[in-house]
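Taken in order, these protein sequences are the chains called Y and H. For the first sequence, the positions run 1 to 453 when my numbering is used. For the second sequence, the positions run 454 to 816 when my numbering is used.
These aren't lab readings, by the way, just hints derived from the structure by calculation. Misleading hints may appear alongside valid ones.
To be verified - Derived DEER-like restraints, expressed as beta-carbon distance ranges: (1) 310(Y) - 477(H): 57 to 63 Å; (2) 139(Y) - 665(H): 57 to 63 Å; (3) 708(H) - 54(Y): 38 to 44 Å; (4) 777(H) - 180(Y): 51 to 57 Å; (5) 619(H) - 54(Y): 25 to 31 Å; (6) 646(H) - 449(Y): 27 to 33 Å; (7) 767(H) - 307(Y): 27 to 33 Å.
As the list claims (entries may be wrong) - Taking beta-carbon pairs under 8 Å as the criterion, some of the chain Y residues facing chain H (in silico): (8) 79; (9) 124; (10) 159; (11) 433.
To be verified - Derived coverage of chain Y by chain H (criterion: at least 3 residues anywhere in the stretch with Cβ under 8 Å from a Cβ of chain H; other residues may be distant): (12) 133-144; (13) 148-158.
From the three backbone atoms N, C-alpha and C, an ideal C-beta is built for every residue, glycine too.
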Amino acid sequence: MKHARGEIRLRTVALGAVFALLIAACGSGRSSSNTTNTTAGGGTTGTTSVINASQCDPATATQGITGDTIKIGTSLPLSGTYSAFNAILQGESAYFSYLNSLGGVSVAGKKYKIELVSKDDAYDAAKTSTNVDTLINSDKVFALFNTVGTKNNLGIRETVNADCVPDLLIASGAVQWGNPKYPFMLGSELVPYPLEMQTFVNYLKANKPSAKIALLYANDDFGQSYRESLQDLVKGTPITIVKEASYNAEGADVKAQVTDLAASGADTFVLGGTLLACPNALNAAHDAGWKPLTYMSGTCVSKLLFQLGGDGANGVLSVTPLLDPSDPANGSNPAMVLYKQQVAKYQPKADTGDGIVAYGWSTAAVLQQILEASPKLDRTSVMEAARTLAGVKAAGLQVPNSTWVTSASDWFLGETFQLIKYNKAEGHTTAIGPLTDLNGETAKLSPASLLHS
Amino acid sequence: MTFERAQFIRAAVAVVLVIVAAYVFGWYIPQFYESSTTYLWAEAFYIGVAAMGLNLLTGYNGQVSIGHGAFFGFGMYTTAILMESHGWPFVATLPVAAAVSFAVGVLVGFPALRVKGLYLALVTLGLAVLFPQLTARFVPRDLCPTCGTSQVGELARSKLRPPGWVPHFISANDQWAYYVSLAAVVIGLIVVVLMVRSRFGRALIAVRDHEAAAETVGINIARVKVLAFAISALYAGIAGSCFVLVKRLATASSVSVFQLSIEFLVAVVVGGTATVVGPLIGAVVVVFSGRWISESFPSTILFLHIDDSVKNLLSPAIFGIGLILLMYVLPDGIVGGGRRLTMSAWRKLRGRTSPPALKGIDA
C-alpha cells in the first residue's frame, strides 16, 4: 500500500513537471509530416545541368522569403576554444546592416533586406546538426551562409542536399565542397588548402629548392587536408618532409610537438593549424631557438594572431584572398575606407584591423553578388548562380584585380589570392610578388581521396 | 472510508494523467510538431536513457562516474559504423551496440572494485578523455569513406528511414528517431522499475549504504558492482545508438564527451538521484532549458541592449546560476524535492504524519 501511494504521488509530480515544460516548449504545428520523406517530385529543373533539382520539394523553394526580406542562417562557434570566430559574425552583421541601409540586395529587379539568424555550436558537429535542423525547419531560413568548420559542414551535407538548402560560402577551405555528389554546397573565398600548399611549394622551388620541411597539423579533417596535399606535392621533387607532428585540434597546445620538430633538423616549417595554435607554434619555435622559413595556414591571417606570435611571427609567409586591414598602405583604398567606416558604425565593438572581421565583411559581400547574379529568387536558381559565377570582383576587401570564378567544371571560389609576409616591426603583412592565379586548379591539385570523401 | 476514497481519486487522476501523457508523447508531439522539435524531444529521451543508466550506478549503487559519455560514444560509433560502412539497418545494430558497451562497462567495472569515490570519478574521467583519442586512432578513412579522421560524417537520408515493418504513421525520419528514443525510454523505465524492486536492486542499495553489512548477508559485492557498471554502460550505449538517428552522424571530441558525461550527471541530480523518473525529468530540463533561455532572453534589459553574441555567452551562465539555485531549494532534485513538498503539504492538510517512504526502494 505504501508503495502504491508513493508511486501515484510521484507520478503526479512528474507529469505536472513535464506538462509545465511542454507548455514552455510550445512551437508551431507540423505543416506536413511527410516533407522529409519526399523521394521524387516535380521540382523545377534548371536550364543548365549543374544542379539537378528533380529531387527538390517545390513547396520549400522560396522558404525564408517573406515580402522584401530574405532570411538566412549561420552556425558558428561563439563560445569555447574557437570563440574568436565571433569576429566573423561581427563583420557579416556590419555588412548586412550597411547593405540594408542602402535598401538591400537586388534580385530580378526587386530589392530585398537580409536578415541573418546566428546560432552558437561551440565548433561541435553534433550541435551544428541541431542548429541547422532548427534553422531550416523552425526559423525557416532560405539558405545557410558561412557556416564554420570542415567537420561541422561534413555533418550536415546530407541534410542540406536532400532538402535543397544552399549551404553557401562555407567557412572552410577544404576541398570536399567540390564533391559533385553534394551540389548544394559552396566553399567561401578562403583559399582551398591544397592551393595554399601548391603556392608554398612553388615558392620553395624558386627560393629554397632542397627544403627540409617539418609539418605541424591539426588532427582533424582540416589538418589532414594540409598533410595529404603537401605529401602529394613534394613527391618527385628534392623537397622532403623530414618530420610530421599532429596536435589535438580541440586545444591549442603545440609546444611539445614544435620542440620535437625543431630538433629534427628541418629548415622549413609548415603550420597546418588554426587560431591560437598558430601563435603558440610560432612562439614555441622561437623559444627553441629554431629559425626556419615558416608557412602558416591562411586561416590564421589576423592581426591579433600575428601579434600573439611575437618575434616568431616575423617573416612568416601565408596567403590571403583579402587586403590586410592593418596595413596603412591600404588605408586610402575606397573599399577599406568604407569597411572601416561601416564596421565602426554598426559593430563598434569589433576591431576593424582584425582580418577575421574583414573576412566576415567580405564574405557577406560575396553573398550579395551571388544573390544578384541569380535570375530568380528560389533555392535552386541561387545555387545554380553560386556554381556558375562569371566573376566576383571587388567584393568587400577582395584583393584588387583578382576575380573569383565558378563554373560547371570548377566549384572553387578563392583560387586567386596573394602570397604575403608578416613584418613584425611594421605590424602588418606585405604582398610578395604578383597575385597567384590558380583558377580551375583545385580539383586537379587535390588528392582524389580528399575530393571525393 | 474517506482514506480509501482519497486513494481512489488519486489513482484515477494518475490513470488520466498517464493516458494524457501517452497521447501527448505518443501521438501529439511526433505527429503535429516540426522535425526540429521532435528531434529535440528525441534528444531529451536519449539523454534521459543514459541518465537512467547512470542513476542505477550513481543513485542506487553509489558509484560516481563522470565518464559515461565514453560508453555513450561506444554505442554511437558501433551503430554509425555498422550502418555507414556495412549497410546494417539501425535496429540490427542495437544489440551489437548494447553488447559492446556492456563489455566495456565490465572492463571498467573491475578497476572500480579497487577505487572508490573521488578516485573512481577520476578513473572514469580518464575514460572520457581517452575515448576521442581512440576514435581518432581507430576510425580510419578506408573503413568508412565519408569518415573524417575521427568522425562519421552525416549518414545518407535513405539509411535513416523507418523500416518497412513499422506502422505507417511513422513515416518521416525524425518520427522514426523520435519513436525509437521513446521506446528506449519506456523499456528502460520498465527495466529500472523491475530491477530496483528485484533482489539485485536491493543488493545495489545495500552495497551503496553499507558494504560490509551487505557482504555479511551474503551479497557478492564484486559481482554487484561490476554488473551495475555494465548495465549502466549498456543504457548509455543504447542512448548513443539513438544519437545516430537523431543527429545523423557520430562525432567525439574531448570537450563533447566530457560535456555529455556532465549532462548525464546533471540530469540525474536535477531530476533526483535514486528515483525512477528523476533522470528523465532532469534530461528534459537539460535539453530544453538552454533553448528556452536563449529564446526568451530579452534583447534589452532596462536601458542595456543585449546582442546575440552576449546572449550566447549569457545563457549557459544563467543555466549555471539556475542549477545552483535549484540545488539550494531542492537538494534532492525535482522528484525528491517535489515528493518532500507534497508530503509536508499533505501533513498540513490532514494534520497528521503520513508514513515516510523508504528511501531508494520506494522511488
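Hints, verified against the model:
1. Taking the beta carbon of each, residue 310(Y) and residue 477(H) are about 60 Å apart, inside 57 to 63 Å as hinted.
2. Residue 139(Y) and residue 665(H) have their C-beta atoms about 58 Å apart, which keeps the hinted 57 to 63 Å range intact.
3. Checked against the hint of 38 to 44 Å, the pair residue 708(H) and residue 54(Y) passes, with Cβ atoms roughly 41 Å apart.
4. The beta-carbon spacing between residue 777(H) and residue 180(Y), approximately 52 Å, falls within the hinted interval of 51 to 57 Å.
5. In this structure the hint that residue 619(H) and residue 54(Y) lie 25 to 31 Å apart at CB holds, the actual value being about 28 Å.
6. With their beta carbons about 51 Å apart, residue 646(H) and residue 449(Y) fall outside the hinted range of 27 to 33 Å.
7. A hinted range of 27 to 33 Å holds for the C-beta pair residue 767(H) and residue 307(Y), which are about 29 Å apart.
8. Annotation: interface hint on residue 79(Y) holds; nearest CB of chain H at approximately 6 Å, less than 8 Å.
9. Of the supplied interface hints, the one on residue 124(Y) holds, with its beta-carbon coming within about 5 Å of a beta-carbon of chain H, less than 8 Å.
10. Given the 8 Å rule on beta carbons, the hint for residue 159(Y) holds: about 7 Å separates it from the nearest Cβ of chain H.
11. Checking residue 433(Y) against chain H by beta carbon gives a least distance of about 34 Å; that is not within 8 Å, so the hint is violated.
12. By the rule of at least three residues with a Cβ nearer than 8 Å to a Cβ of chain H, the coverage given for the region 133-144 of chain Y holds, with 5 such residues.
13. For the region 148-158 of chain Y, the stated coverage by chain H holds: 7 residues have a C-beta nearer than 8 Å to a C-beta of that chain, and at least 3 were required.
Going through the hint list in order, the structure does not satisfy hints 6, 11.
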